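Visitor: Quick mapping for you: the protein sequence lines, in order, are chains X and F. Take 203 as the starting number for the first sequence in my numbering and just add one per residue. Take 548 as the starting number for the second sequence in my numbering and just add one per residue.
Calculated directly from the structure, the hints in this document are not laboratory data. Some clues are possibly wrong.
Calculated lysine-lysine pairs in the DSS-like style (CA-CA distance at most 27 Å, straight line) [what the hints assert, rightly or not]: (1) X:Lys-435 to X:Lys-302; (2) F:Lys-673 to X:Lys-565; (3) X:Lys-280 to X:Lys-334; (4) X:Lys-459 to X:Lys-565; (5) X:Lys-459 to X:Lys-491; (6) X:Lys-279 to X:Lys-302; (7) F:Lys-657 to X:Lys-491; (8) F:Lys-657 to X:Lys-565; (9) X:Lys-514 to X:Lys-279; (10) X:Lys-280 to X:Lys-425; (11) X:Lys-514 to F:Lys-657; (12) X:Lys-302 to X:Lys-425; (13) X:Lys-514 to F:Lys-743; (14) X:Lys-316 to X:Lys-430; (15) X:Lys-279 to X:Lys-334.
Computed from a predicted model, the values in this text were never measured in an experiment.
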Amino acid sequence: MNTSKNDREIWLCLNFTRLPVEVFNRQQSETPVVVLHRQRVICMNTVAEALGIRLASSMNTAFTISEQIVSIERDQKKEFATLEHLAQWAYQFTPSVVIKAPQCLLLEISGCLKLFRGLDNLKQNIREALDKLGFTATLGVNGTPLAAQCFAQTRRADNLDDVANSLAPVAIHHLQIEPGILESLQQMGIADCRQLLALPLDGLNRRFGIFFTDYLQRLTGQKPDPQKFITSKPRFDSEINFLSDVTSLESLVFPVKRLLGELHDFLRGRQLQVSQFSFRLAHRSHAAKTFNVMLANPDNDPAMFLMLTQLKLDQIDDMPEVDSLTLTARHFHDMEAPPGDLFHGTRFQQKDGSRHSKAEAAKAVELINMMTARLGPQACFGLALANDHRPERAWRPVALNARREVAVFEETGARPIYLLPQPPILESPGDLPHMAGPLTLLQGPERIDFGWWDDGEVSRDYFVARHACGALYWVYRQLSNNQWYLHGIFS
Amino acid sequence: MTESLNNLLKATGLWRASRIDCEFKRHPSSGFAELDAELPGSGWPADGVTELLHDQYGIGEFRLLTPSLARLSQVQARWLLLVSPPYIPYPPALAQAGVDLSRIVISQPKSPRDYLWVLENALASKSCSTVIAWPRRILDKQIRRLQVASRTGNTWCILFRPEAAGINASPAELRLRLRPGQPRHDNSALEVRVLKRIGGWESGDIRLTFADQLHRPMPDFSEMVVRQVEAVPLESMTVPDTVPVDGRTYEYQ
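Using the sequences provided together with the hints, build the complete structure.
Guide: What follows is the structure, given as structure tokens:
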């Protein structure tokens, strides 16, 4: 190797040995679980392994060993989706992540060793995070992608030196060689890589073809091996499946917590915040149920996520059983760096004379979040002025997260505290308004004649009217038909 | 006798009605001097449940609050939460009264359970300065819970209730009965009686006047006499020699 140590690539391979079973069963359960493919066991969890079940044995054999075994048909689509999700998860360690189907991830880590204070620390971090997720993987480190993959599969100690030397003791059946070539090599008496790599390349080329020698060169790093890195797509999907049906929604809290923790890591790794995420509760024999959790402001606070999710879960009463839980997030926002607040929680006099504190503002958003989560987004809104002279259009409801422009308030005549949404017609004997007794007109008329250019033409004379009982009303006479209407109450 | 009384007062911190005015000075004014004189601490409380009992809409029951709501919305960065108001409070009227509209939140829970949940959580959340509600039916123990929550959150809770509720006792700290008052000097008025307050008895009727001039009589055009203006002959009109412009006088050339 001519290149200096500094710009050499270091590849870390995560080999998810139990991926086929872990896509169905992430938590450490006491039940033995095996995954079948074409009637043969291809993967199992540790409990099943401890019972003595072997790979490639038939289901009958497995059942003779234990009757509690849960068998699941392999789902390769799900495996790939999970691998993609894990690749997005691994993005928090390094930006260079490669998916190697069916069960490997390759991470180029030369650039992030300093950040994680050395290889051992980084591996420790990855192992702990994987434990939290509930996945098991073997780790292998080497100078080329293929060698790292080989090291992960054979569980060899990390190698940061020459690739070809480190590969020497590896048996050739651990390499990705076609069965025909492998057989010929074994017949030639070649058992490990030391012997294989000692052979002249052009001879191998003539005998086994260009693809084989190309593979060997990429394995040892003599030829570059370009990889297709994942792009950090801002989307988040994660699923937890339950072996037995979950019947009480309270017991969903732990899996929900785990999913929200993943979402938090995902967001932190990308410096993003989320404004909305949705949960999907599914069961094979019921219709799936989806609920959205909306936030007034984009946020990345797992505690608040959990609280809002619990509020939503409390409202679900028609979901008897659940066997899978999915968390999806699509609406992302860039994280706004929180300005450092030395005197956290202290109230400062602002330019406009009011006193605000950071803690107060956070609390205010929290209440809105809670109310929208429990009551729905329509049941909670703010008020704003609108630039229109028609009384019913002089205001509009606004969402509380929106930054509102300040509409200028125009001096008008007296306005009532309550405006009736549909003004009722008043009786008018003698052309004066009556409402269970005569109304005395106190002030007016204030003529509002507006909107002849659009559909809501208004031409009215407004009066303040007093009822005999002492209440004050805002009434108007429609000029088109001389009819009296009640429009507001001076409460 | 007096010595033992003094000991009792010192040891137990017994509250005496004579201290009604000096103990609660911190309360901000309600905006009505006559009402301030009757309220403990000379103003609206900062927390606790206040019940306003009235049967008639439109007597000024909400305008009684607007001065203090305007001040709270400007001084505090906390919400003013209105829970299921009978009608939507009209923003131009609130803006006229000086209320900062960006502080107002309207919440419309659908079920009675959600209604009480919103009230209690908003009160206890510390993020509202005032929570106003118009409950149709509310039980004593529910009000007591609101009272506790409003103490926790340092939030003022206002409940509008029918006058009939005044017959029964209530855990609310302050109860006022509102009735329409006779207008005074063209201003509408409200008759208030404090039914219950800390450290005081039921008050007499207080008449509060709003400076709204809503009762200013309209000019009566029917009796107006139109005077005939005599035509002035053109020759008798004189043209002035000088015209004042910008405070200086210029003569015609």
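Visitor: It remains to establish, for every hint, whether it holds in the given structure.
Guide: Structure-based check of all given hints:
no., hint, verdict
1, X:Lys-435 to X:Lys-302, "holds, 18 Å"
2, F:Lys-673 to X:Lys-565, "holds, 7 Å"
3, X:Lys-280 to X:Lys-334, "holds, 20 Å"
4, X:Lys-459 to X:Lys-565, "holds, 22 Å"
5, X:Lys-459 to X:Lys-491, "holds, 19 Å"
6, X:Lys-279 to X:Lys-302, "holds, 14 Å"
7, F:Lys-657 to X:Lys-491, "holds, 22 Å"
8, F:Lys-657 to X:Lys-565, "holds, 24 Å"
9, X:Lys-514 to X:Lys-279, "violated, 30 Å"
10, X:Lys-280 to X:Lys-425, "violated, 34 Å"
11, X:Lys-514 to F:Lys-657, "holds, 15 Å"
12, X:Lys-302 to X:Lys-425, "holds, 19 Å"
13, X:Lys-514 to F:Lys-743, "violated, 40 Å"
14, X:Lys-316 to X:Lys-430, "holds, 24 Å"
15, X:Lys-279 to X:Lys-334, "holds, 23 Å"
In this structure, the hints that do not hold are numbers 9, 10 and 13, in rising order.
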